[in-house]
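Add chain B to chain A, keeping to what the hints say.
In case you want the letters, here they are:
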Amino acid sequence: MEPALELTGVGKTFGEVRALDAVDLTVRAGEVHCVLGENGAGKSTLCNLVFGSAALDEGEMRLYGAPYRPRRPAEALRLGVAMVHQHFSLVPELTVGENLLLAERARLRPPDLTGRVKAIEEEYGLAVDLAAPVAGLPVGERQSVEIVKCLLRDPRLLLLDEPTAVLGPAEVRALLATCRRVAETGRAVVLVTHKLGEVERAGDAATVLRGGKVAGSGPLAGFSRDELVRLMVGRELADLDPLLAAGLDATEAPAPRTPRETAGEPVARLRGLRLRSDHGPDVLDGVDLELRAGEIVGVAGVEGNGQSELVAVLSGALSADEGVFELDGVDLTRAAPAVRTAAGLGVIPEDRHHEGCVTGMSVAENLFLGRLREFRRFGLLDRKAMRAGAARAVAEHGIRASGPDAPLHTLSGGNQQKVVVARELALDPLRLLIAAQPTRGLDIGAVDAVLTRVRDAAARGAAVLVVSSELAELLTLCDRVMVAYRGRLLGPVAPDAPGARDEIGKLMLGAAT
Amino acid sequence: MRRDLLVYGGAVLVAVLVGLALAAGGGAAPDVAGRALWDGMFGSPYAFGSALNTTAVLALIATGFTIAHRAGLVNVGGEGQMALGGIAATAVGVSLPAGTPAVLALTALLIAGFAGGALWAGVAAWLRVRRGVNEVITTLLLNFVGLCLVLLAVHEEALLRQPVTSADTLPQSEPLVEAARLPLLGPPESPATIAIVLAAVSVIVAALLLRHTATGTRLTAVGMSEPAAARLGLPVGRLQAGSLAVAGGLAGVAGATLIATVPYVLAEHFTSGYGFTGLVVGLLARGSLTAVAGISLAFGLLASGGINLQLAAGVPAASVQVVQSVLIICVAGAVIFRKGAAR
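Top line first, the protein sequences correspond to chains A and B.
Be aware that the first sequence starts at 1, since it is given in my numbering, and climbs by one per residue.
Be aware that the second sequence starts at 1001, since it is given in my numbering, and climbs by one per residue.
This is chain A alone, in the form it adopts within the complex:
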């Protein structure tokens, strides 16, 4: 039988970056094919090519034997290729049924929809409530709606791009089961992920990408876990920092960080922080937390449970409606960002490009933007001193840049993040460091560098609050882990306690309350 999807010698270049190079990929009907790779390995580019969001530069694609070269997603959909994107495309104000009809345009009438959805529910065990407004649904159910939306079109090939990034452990299991059932009906499923644990639970075959090239491919039964890790990162599993291995979901139980013998004095206090929302329940529903010097506290949770807003309130981007945030006894609840910085609050923001740095400006300018006053000479800016200071930071933090004057957008994501970290850690004194998704989108080397710096900050006596969706990362890094759930912080869970992972998983879904 012909393969469902076949790529031969596919290449794609963006500017000077070779995103994909001579990639071969064969996906058979009836199998779940995992495309594995680190961030930046070319997984998303591959998805975009297959779904028609980007055109390939060289090579060819075949869909069930026929030459396949979609010029836009609509064409891919017509040919039976459906994709579940990492970020959902549902209209929150509408109901599930309305969203499904919207996707189907005029081809489906509301009475028929009920029947079709019923059939899908029976075939795949994927139940959705057509009358429910999307805004009120938890993320896992929204994703089910996305998948139903795809299945309504009766696709021959289903692509899922990092579908588990926003899900809790139980939801991940349900999703993988669904993938299996879809494959069993004779369709082809391509699951794009960087988590090895998922691959083993759901996949039949795998193709591993590294640096835009195929590092290995074949039936999953032919690979050991160690071999997959080696193919993905080009290093042996045993050589990896346990933290990094945990990030890949490659080891079941990462070694937890040894808890601090004596916790220091409390540095920061959060009391009853509340942030109202114009529509729906409060985004922050009374957050209480005490952070001690030298302690690393993690906040886990499914995205959208208030953790981003908590960081925004603490960093001064949003203003809390109620409650108090104190640092060293000083009330900073409504203080301007500059005052917070002066009080010793360092923030590594969640969205690097949005508020972490100014990508159009140079490394030196980004490092010293908040302290330009120190670089004034005769009323003018002392660029020489800035350059020298930046060169020191670049060397100290191992930032790979062509020089202190290099615009930040010429640096890789990991090196941009190192600039942000270098800037925030340079605060004197640094009393509280807030790191929001500090390793998101970074390659392994950069993850290691950033996390080492975060640990160092704690070792030097700062209190550290890490918000991350990488549970394994939190378990190895933190002294205690809180779980954000519907605007509140549940827990704490001690990372070294037996069953900590399951306990956190339960809290994430609100099952423990």
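Hints in this document: simulated from the structure, not taken from any laboratory.
Given the structure is predicted, the values throughout are model-derived calculations rather than measurements.
Backbone N, C-alpha and C fix where the C-beta goes; we use that ideal spot for every residue, glycine too.
A short, non-exhaustive set of chain B residues, derived as facing chain A with CB atoms under 10 Å:
1) G1216
2) R1218
3) P1235
Same frame as chain A, now just chain B:
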């Protein structure tokens, strides 16, 4: 860089061809039209002098535009800010006592012009920073209010209108006192005033400010990423409001120089659309103050050349505006085209 030259060169070539076609349509042979245009630019001290005066006005407005633009704001209110600057300058210029020394009078006049324009832009700045109202809309609409205020001022005797002695009294202000008039640069028969010096100084100071001071770097940061600048503790609102006020202030100074040049009165429509032309100069210069200086000069020369084109060759002066518009479309189109291709 080479591409930029190619774009500007190509745009000029297309514009020249369109201009020649228009001249031919107007019944003038290309060489006659060309000579008339040239004479209007460089042919006499008078022509070149008035070109310099226009250049100064455009450069002042475009410099302000560039400063605000660095902070991410688009000031389309040059016309209204000029109007208010002109009104304020007139109010000072007609009421100074006769014996005031020229240095003092001129300083007072220019400060009044700056303050008038800055206040007018300040309205938009306040709305933007405190209320989040888009400054493009507010500055644009304030233009019309500003122009109406000029009408009001020159029609009301209680305001700035000269005393009405007969039915023929024009609706305009009294002439400025002698000391408040801008001195001429010097060459005989040239109407060029020291406005061009003032504009040159503004361009140089602005270039220094934007490139070599902490304030300039902060403005750039705010313009490139407001959230990041706020996170780093920069006073985003103050920087934005300040840059827009300075933009308005410079437009106000431009208005003041118009009032303090022949015929030294505030009259209806004294702004003659310079505010919008200055905006176009700023847009075409794309953040470069060197380009602001160059394009202002080119536009100033074209304006005075166009007048002579009509006088000497009988080609409508409006054809120069058509040529300018073609220039703008070419340059702007090339920029958009290249951005689209890079995506």
